[in-house]
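Sequence lines, in order, name chains A and Y. According to the numbering used here, the first sequence holds residues 21 to 361 in order. According to the numbering used here, the second sequence holds residues 2 to 248 in order.
Don't read these hints as lab results, they were simulated from the structure. The model shown is predicted, which means the values in this text are computed figures rather than measured ones. Note that the Cβ used here is the ideal one computed from N, Cα and C, for glycine as well. Mixed in with the good hints, there may be bad ones.
Claimed, not checked - Simulated pairs of lysine-lysine, DSS-like, Cα-Cα distance not exceeding 27 angstroms:
#, chain 1, residue 1, chain 2, residue 2
1, Y, K172, A, K155
2, Y, K172, A, K53
3, Y, K65, A, K155
4, Y, K149, Y, K214
5, A, K53, Y, K86
6, A, K53, Y, K114
7, Y, K74, A, K48
8, Y, K172, A, K45
9, A, K155, Y, K67
10, A, K55, A, K158
11, Y, K214, A, K48
12, Y, K214, A, K55
Said to hold, decoys possible - Residues of chain A placed beyond 10 angstroms of chain Y at every Cβ, according to the derived structure:
#, residue
13, A82
14, T210
15, R215
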Amino acid sequence: MYISAKDEHHQPSPLKFDIPKGWPKPSKNIFAKNKLTEEGFQLGRKLFYDGNLSADGEVSCASCHQQFAAFANYDHDLSHGVNNALSIRNAPALINVAWMDLLHWDGAINHLEVQPLAPLTNPIEMGESLENVLKKLKKDTAYIRMFTAAFGDAEINSQRMLKAMAQFVSSLVSSNSKYDKVMRGEAQFTDYEQRGYETFKRNCNGCHKEPLFTDNRMRNNGQHLNKKLDIGFQAISLRSEDSLKFKVPTLRNVQLTFPYMHDGHIYSLFQVIDHYSKNIDTTQTRLDPILKKKINISNKERIELVYFLYTLTDSSFVRNNRFAADHITTIKNPHHPQLVN
Amino acid sequence: MLKKTIVFTGIFWWLLMMAVIIVNAQTKLGTVVIHFSHTANQQPLQFNDSVYANDFGERYTISKLKYYVGAFKLDEKNLSLGFDKYVLVDANQTENKIIAQLPEGNYHSIQFKLGVDSTDNCSGAQTGALDPLNSMFWTWNSGYIFLKLEGNSSASTAPDGRIEHHIGGYKDSMNVASTIRLADNIAIEAGKAKDIYISFNLDRYWNAASKIKIKETPVCMSPGFLAKTIAANFNAIFSIGSKTITY
């Protein structure tokens, strides 16, 4: 998959970022100063799957963002970092990240390109220094080749590394679930799913807005303060009205991204629905106004709703080889027939 | 008639532009060299070994002092720093020097910004002075540390008697980017270099508009009220001198 070293006049091949029909434009700045290219994407993918980015060589981005779990951490309320450390929040699914202005549960990260710095340097996640990561990359001839292919020369620096990672992660677009096929007129909901969709539109669409199934805003959804005393967005904004606000997660592939909520304390979708219909802490003064009235839902509607949520599972996304670790890919590059695998 | 008017207007503008270009070409440029130096207790700042005392009698040593400066102006004339918009001043370097060219003339003030503009806090991965490799970026809460001061003090209540002041914040109410304006007569002569010496006085860091006692605030690690309180002293820290301080 590398470009021949003799090819000195190589230009990276631009990639088009396809916005699914009817979707809004991606977040400002995502590609403004970071042109999406095949070589940048491939470099980003290699970095994403590389355990060498962590202090002990064991933890990669993909350790906690697994493709088969729609880039969440399957069956983990919290995730494992280096030295048997345990994280304090649930690893969010990396789905349609290009549409997000703020990242992390507490909205602390203001741009996708600087997001990797957080897990990379956090002692309970990858526990490594940026300096050391760059040192390791500079010693690796595969990286020297791939940085050259992506950026035109062999310089390896933090900006290039972060931009390549942003190219890969922003390419993780899920828009081919059964729901999408129904919307495109290529498939039909079953009666259960259709009624579940009606229930969804009545009760959930306020925050989990179609087509992204999130409004990407910070909201207090009536959870109790957990034992880690995680106050969410308030710690970032320093405003008391932001107490216990967390970023609304997407519901796309929600069947695969359990456990749920910022600390992963809810294990099933039925329990999530129960949270909104029964367990919301309505005594909280900062509770989102939209949730002041608990959701009124019958047991039948609850089941139908879950059937609908299953239609948001996008198997072509979780099985897309382009998003998987490096071994099974081919590059299509008409200008460079000497590309080899 | 209309056509004629357009042609004449066109010629008029062309002549005017040529005149502007010619005048510009005749403007003679001089060079300004801005030096940053750092003092504590009227002494050139020495790292680690020298013990200083602030106005509250608290004794301390300094192990790190770095800060971003940019948007330099002499009167209303912007100084271009070349490729980079910011310079990271490191007090532990033997020299912190900024060189720029500007039209000759008599200027009466120098102005610069301590900190990083809000746009540059939200523009993703950067390089040069703003490279996160410089350890001046908060990874867990995106944004630049505008000023980093670290050291030790027996007055500090933090572990190992540490002083850790990481001052920054770009969001509306938390913004601590400060414009520093210093009055001076600065004569820029064509073809010559004029040195300007800006002095950072650590004594004023602790005691100016705000009284910053190490005992009470040994650590400040995020934007917010405390950072604003400390940054209120930024204006008083700097002064202009006639010659550099020798080490």
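Verification of the hints:
no. : hint            : result
1   : Y:K172 x A:K155 : 33 angstroms, violated
2   : Y:K172 x A:K53  : 22 angstroms, holds
3   : Y:K65 x A:K155  : 24 angstroms, holds
4   : Y:K149 x Y:K214 : 17 angstroms, holds
5   : A:K53 x Y:K86   : 17 angstroms, holds
6   : A:K53 x Y:K114  : 25 angstroms, holds
7   : Y:K74 x A:K48   : 31 angstroms, violated
8   : Y:K172 x A:K45  : 25 angstroms, holds
9   : A:K155 x Y:K67  : 24 angstroms, holds
10  : A:K55 x A:K158  : 23 angstroms, holds
11  : Y:K214 x A:K48  : 43 angstroms, violated
12  : Y:K214 x A:K55  : 49 angstroms, violated
13  : A82             : 20 angstroms, holds
14  : T210            : 44 angstroms, holds
15  : R215            : 43 angstroms, holds
Checked against the numbered hints given earlier, this structure breaks hints 1, 7, 11 and 12; the rest are met.
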